[in-house]
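Please work from the sequences and hints to get the whole structure.
First to last, the sequence lines map onto chains A and B.
Going by my numbering, the first residue of the first sequence is number 1, and it counts up by one from there.
Going by my numbering, the first residue of the second sequence is number 1, and it counts up by one from there.
Take the hints with a grain of salt, since some may be wrong.
When chains are identical, the list treats them as one kind, so a pair holds in a single copy or across two.
[Said to hold, decoys possible] Straight-line Cα separation of at most 30 Å, DSS-like style, residue types lysine-lysine; simulated pairs: (1) 110 / 217; (2) 225 / 210; (3) 110 / 65; (4) 225 / 110.
Hints in this document: simulated from the structure, not taken from any laboratory.
Number of protein chains: 2
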Amino acid sequence: MARSAIGRLFAGLRCLPVGNTQLQTQCSRWSSERTGVEASMFSHKPRDFSLPNPSWGEEMKRLYKHYNLQSEEAAGQGEDGEWWTRLPSYNRSLKYATGGVYLSKMIQSKARLFTRNIRDPGAAFEYVLFFRNDKQRCLCIFQAGHLLEGPPGHVHGGAIATMIDTVTGTHASLLSAPVMTANLNINYRSPIPLGSTVLIESTLDKEEGKKKFISCKVSSTDGSKLHTEATALFVSISVSHLLRG
Amino acid sequence: MARSAIGRLFAGLRCLPVGNTQLQTQCSRWSSERTGVEASMFSHKPRDFSLPNPSWGEEMKRLYKHYNLQSEEAAGQGEDGEWWTRLPSYNRSLKYATGGVYLSKMIQSKARLFTRNIRDPGAAFEYVLFFRNDKQRCLCIFQAGHLLEGPPGHVHGGAIATMIDTVTGTHASLLSAPVMTANLNINYRSPIPLGSTVLIESTLDKEEGKKKFISCKVSSTDGSKLHTEATALFVSISVSHLLRG
Numbered sequence: 001m002a003r004s005a006i007g008r009l010f011a012g013l014r015c016l017p018v019g020n021t022q023l024q025t026q027c028s029r030w031s032s033e034r035t036g037v038e039a040s041m042f043s044h045k046p047r048d049f050s051l052p053n054p055s056w057g058e059e060m061k062r063l064y065k066h067y068n069l070q071s072e073e074a075a076g077q078g079e080d081g082e083w084w085t086r087l088p089s090y091n092r093s094l095k096y097a098t099g100g101v102y103l104s105k106m107i108q109s110k111a112r113l114f115t116r117n118i119r120d121p122g123a124a125f126e127y128v129l130f131f132r133n134d135k136q137r138c139l140c141i142f143q144a145g146h147l148l149e150g151p152p153g154h155v156h157g158g159a160i161a162t163m164i165d166t167v168t169g170t171h172a173s174l175l176s177a178p179v180m181t182a183n184l185n186i187n188y189r190s191p192i193p194l195g196s197t198v199l200i201e202s203t204l205d206k207e208e209g210k211k212k213f214i215s216c217k218v219s220s221t222d223g224s225k226l227h228t229e230a231t232a233l234f235v236s237i238s239v240s241h242l243l244r245g
Numbered sequence: 001m002a003r004s005a006i007g008r009l010f011a012g013l014r015c016l017p018v019g020n021t022q023l024q025t026q027c028s029r030w031s032s033e034r035t036g037v038e039a040s041m042f043s044h045k046p047r048d049f050s051l052p053n054p055s056w057g058e059e060m061k062r063l064y065k066h067y068n069l070q071s072e073e074a075a076g077q078g079e080d081g082e083w084w085t086r087l088p089s090y091n092r093s094l095k096y097a098t099g100g101v102y103l104s105k106m107i108q109s110k111a112r113l114f115t116r117n118i119r120d121p122g123a124a125f126e127y128v129l130f131f132r133n134d135k136q137r138c139l140c141i142f143q144a145g146h147l148l149e150g151p152p153g154h155v156h157g158g159a160i161a162t163m164i165d166t167v168t169g170t171h172a173s174l175l176s177a178p179v180m181t182a183n184l185n186i187n188y189r190s191p192i193p194l195g196s197t198v199l200i201e202s203t204l205d206k207e208e209g210k211k212k213f214i215s216c217k218v219s220s221t222d223g224s225k226l227h228t229e230a231t232a233l234f235v236s237i238s239v240s241h242l243l244r245g
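Set out below in structure tokens:
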């Protein structure tokens with residue numbers, strides 16, 4: 001059963017154009033960023049949610065252009081330059097076994113990545129992730145939509161936690177084999193108004209065996225206001241661990 | 001400006017049938033549970049998302065009946081008995097000012113509580129919250145829909161954080177004036193399969209001035225598996241603090 005499930009897990013999985021090409025790394029990205037699945041897995045070409053759309057405000061577009069330009073400019077500079085690579089982002093994951101039994105077909109076919117589960121542009125999480133070529137830092141431009149409300153007019157603490165988990169988890173999975181979030185410790189400093197654009201930056205603090213310690217901060221785009229700061233711990237796991245649930 | 005905003009904030013606000021009737025407490029619940037706004041605020045009667053619907057599985061229905069029965073049975077027992085009260089849950093918050101300026105009218109009119117932003121029953125967060133009459137504990141029955149995916153077949157760490165913030169934040173707001181989440185420290189022990197029902201229990205650990213320390217655990221409904229445990233810190237704030245953003 002486990003072998004069969006692993007076979008299904010890997011069937012059709014192909015590597016991102018960026019990052020490690022080892023099989024271990026291929027299954028390390030299970031958010032859309034983490035899975036890095038390609039269009040060929042789907043019956044039709046999936047939408048890349050990290051590309052600009054009409055809902056993006058001026059600040060979101062400006063920052064996207066800024067980091068994308070650094071990436072494009074660096075293309076001819078080799079691997080020594082400090083440049084950023086954009087990660088594509090889809091809303092589908094893999095058909096998968098859990099806890100030793102397969103999920104119901106209905107759940108399998110309808111499952112969508114939490115941060116990309118609403119197709120209406122601008123309504124919820126609008127974000128794009130970049131990582132630096134030495135993989136010591138990730139950067140996310142995040143525009144918070146009106147469906148993320150917590151305190152009136154402000155982003156829900158859970159939505160902020162979701163973006164922190166997404167950015168740090170993607171960062172950890174770029175570094176090694178499949179990882180699971182073990183701990184998130186989040187300090188909320190200042191609420192984020194709905195509709196605003198913020199920067200989320202993650203930094204690798206240290207690696208100890210299977211553990212990756214990553215810190216993260218959410219700030220205004222001009223750097224003048226710190227909204228949230230956090231630390232995160234991820235642990236590399238085996239595929240069989242995942243299948244056991 | 002601030003006075004006007006405060007006036008608008010309180011206009012139409014009425015107290016829940018449960019809890020403190022002071023004005024301070026009225027605005028302390030800004031998730032739908034926290035705001036506790038009544039039908040009269042809206043042009044039509046809002047849907048109470050915490051009531052059973054056809055998407056609820058057997059376990060969700062069984063537990064709802066169990067705690068609801070304890071609540072109903074206790075109705076004649078006076079305030080000394082250990083009984084539970086269900087909290088209604090809507091998907092709209094208040095029109096509000098933020099950061100000294102009003103949100104755009106479009107965002108105001110379209111804003112929805114993050115945990116109730118999808119109307120399709122069973123697709124995302126299905127949950128119902130109860131609190132014990134001494135307000136020392138809250139309990140939430142949570143059924144995780146297919147749109148909450150993180151690791152394939154399992155609930156996103158951010159979705160779990162969202163439910164923990166919701167339960168502990170509602171708990172803190174039952175105890176006192178408006179509160180803000182100051183810290184969430186979450187340890188993820190075991191992943192939660194999509195489609196499953198779990199229990200989220202919060203306990204008041206201590207109160208120190210404006211601070212409320214609450215612990216929380218997410219476990220399987222039979223108590224055999226601990227999925228997640230967390231501590232949360234909430235700080236009482238003034239209305240003017242909220243308005244400053």
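Verification of the hints:
Taking the closest pair of Cα atoms, residue 110 and residue 217 come within 30 Å of each other only across two copies (28 Å); inside a single copy the shortest separation is 33 Å, beyond that limit. For the homomeric pair residue 225 and residue 210, the shortest alpha-carbon distance between copies (24 Å) is at most 30 Å, but the shortest distance inside one copy (34 Å) is not. In this assembly of identical chains, the alpha carbons of residue 110 and residue 65 lie at most 30 Å apart only when taken from different copies (28 Å versus 33 Å within one copy). Proximity of residue 225 to residue 110 under the C-alpha cut-off of 30 Å is restricted to the inter-copy arrangement: shortest distance 26 Å between copies versus 39 Å within a copy.
Consistency with the previously given hints is maintained throughout, with no hint failing.
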